[in-house]
Amino acid sequence: MTLPPQTRAFLARPDLARLWTAVHHRLERNGIQPSGSIRLTGCTAAEREALSLLLGRRVTTAATTIPLADLDSRLRDTAADCGLAATVEQLGLPLTDLRAARDTGRQERTALWTAAEAAVAASPLTGQDWVGGWLDDLRRTGALGRLAPQDAVDLLHRAIRVLSLLRSDRGEEAAPYGRGELATRVTGTAHGLDDDTVLSRLVLRGLARATGSEPPEHAPGRRALWRAAAVVPDEVSSTVLTYGLRPVGRGWRERALRERADHRAETHLTLRELRELDVVPSSDTLVHICENPRVVEAAAEARCGGTLVCTSGSASTVVLELLDTLAAAGLQLRYHGDFDWPGITLANRVIRRYAALPWRMAAEDYEQLAAHARDQGSPGLPLVGVPVEASWDADLAAAMTALNVALHEESALDRLIADLAPGTP
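Counted from 1, the sequence shown has number 296 at position 242 by the numbering used here; the numbering is strictly sequential.
Treat the hints as calculated values from the structure; they're not laboratory data. Note that the coordinates shown come from a computational prediction; the quantities given were computed from them, not determined experimentally. Errors might be hidden in some of the hints.
[Claimed, not checked] Derived CB-CB ranges, DEER-like:
#	residue 1	residue 2	range
1	Thr119	Asp191	46 to 54 angstroms
2	Pro441	Gly181	53 to 61 angstroms
3	Pro68	Thr119	35 to 43 angstroms
4	Gln422	Ala382	29 to 37 angstroms
5	Asp249	Ala175	27 to 35 angstroms
6	Pro68	Ala165	41 to 49 angstroms
7	Leu435	Thr158	18 to 26 angstroms
8	Leu435	Asp316	45 to 53 angstroms
9	Ser336	His426	31 to 39 angstroms
10	Pro441	Arg200	18 to 26 angstroms
11	Glu235	Gly90	31 to 39 angstroms
12	Ser91	His245	38 to 46 angstroms
By construction, the Cβ of each residue, glycine as well, lies at the ideal position given by its N, Cα and C atoms.
Required output: the full structure, derived from the provided sequences and hints.
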C-alpha cells in the first residue's frame, strides 16, 4: 500500500529523520522484524512534539525509548495503514536483511571451499602436502572475498588447473610454457595470467607454497617464480628507451650497443635482453634519466655524447630493471621530469629509490622556464591535482603553487640537450 500524501508529508518531516534512521539500522540488524527498541537522546522540542504526535503519547524528556513493536502497531492503526518495515522503505530507506545476508555469505563460503577441495581431489594435485596450506592461505587472506560466489568457484577451478599443469611431471625434455600460451589454454585469453589478474595471484601463491618460498611482492620475484615453474613470462613486448649506453661487456650484444651509441642511435631494450647482456657501462659514466621520449629523440638529432635512459612516463618494470642494474653497479644517476604534480611524484620515486641527483629540477629552474614560456607567449596550462612536496627541494612545490603553470620536459629541451652535448660525459 502507498502512503497517503498527507501521511507521507507528516512522516517525512525533518523532526522525525533521526527516528527513521535509527529504526532503519535496527530493522536491518533484526532480520527486518519489529522487535527490540531504539533510544533517542538529545531530542529537541520540535522532535519531541513530532514524536508525541506519531506515538500517541507525550514525549517530554530529551531522551526516550521507543519499542519497535509499539511503533509498528501504531502505524498499522493510523492513516499509514502499513507496518514499520513497509513505512521505512516508502520513506526512501531500502532495507537489507543483514542477518540473512551474513548467513547466506557463510553458506556461500562453505560451498566455495567444499567445491575447491573437491576440485583438488579430482586433480593431479591430490595428495600433495602443500595444497592444503595454499587453500588455507586463500581462505585466511580473503583473496576471493570480493568476487561473486560463482566467479570465485570458477577462478579457483582455473587456478587448480594451471597448478595441475605446472606441478605434473612433464619430463626433463618438455619445453617450458609461454605464460600467454598457458593463459590461453586455461582462460581463453593470452592475458588471463597477466600480473594484474586475481588468477595470477592465486597461482603464484600456490607456486610459492609448493616451493617453500614467500609469495613475491615485486615484478622481478614474480618473473623468477614463473621461470622456476617452467613458465616463460612475456619479456619482449615492453621496452626501455636508451641512448648512448656503452656497456663494457665483450659479447656481441654489448658490442652492438656500443656501436649504436657510437652512431648516436637510440635503442629499445627488452627485459629478455637485459637478462642476457651485461648492460653496465664504465664506472665513471653519468647516467641521465628523462621522462619523455622527445628528450631522447632530440639528443639523437643533436648527436649528443651523454648516456640517457627514458622512463616514458611512469617507469615500467623494464625501466626499473635497467635502473636497478645501473644503480647496483654504483653508477651515478641524474633525473629530470615534468614540472607537474604527477611528474614530481615520479621524480620523488626515482630520486629516493636510486639516490639520484635532480637534473635541472630546482625551484629556480622551474621559475626560469616559466618566465621563458611567458616571454615567448606560450599559453600556460594550470597545474592539476594535489600539490606534492619535492624531496630534493623544499621550495619547489611552493614555487609551482604560486605560478600555477605546468611545464613539461619539452620546455627545458634546449637546456637538457646542452648538458648532453657532444663531448659531455
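Margin query: Of the numbered hints stated earlier in the document, which are not met by this structure?
Written below: 3, 7, 8, 10, 11 and 12
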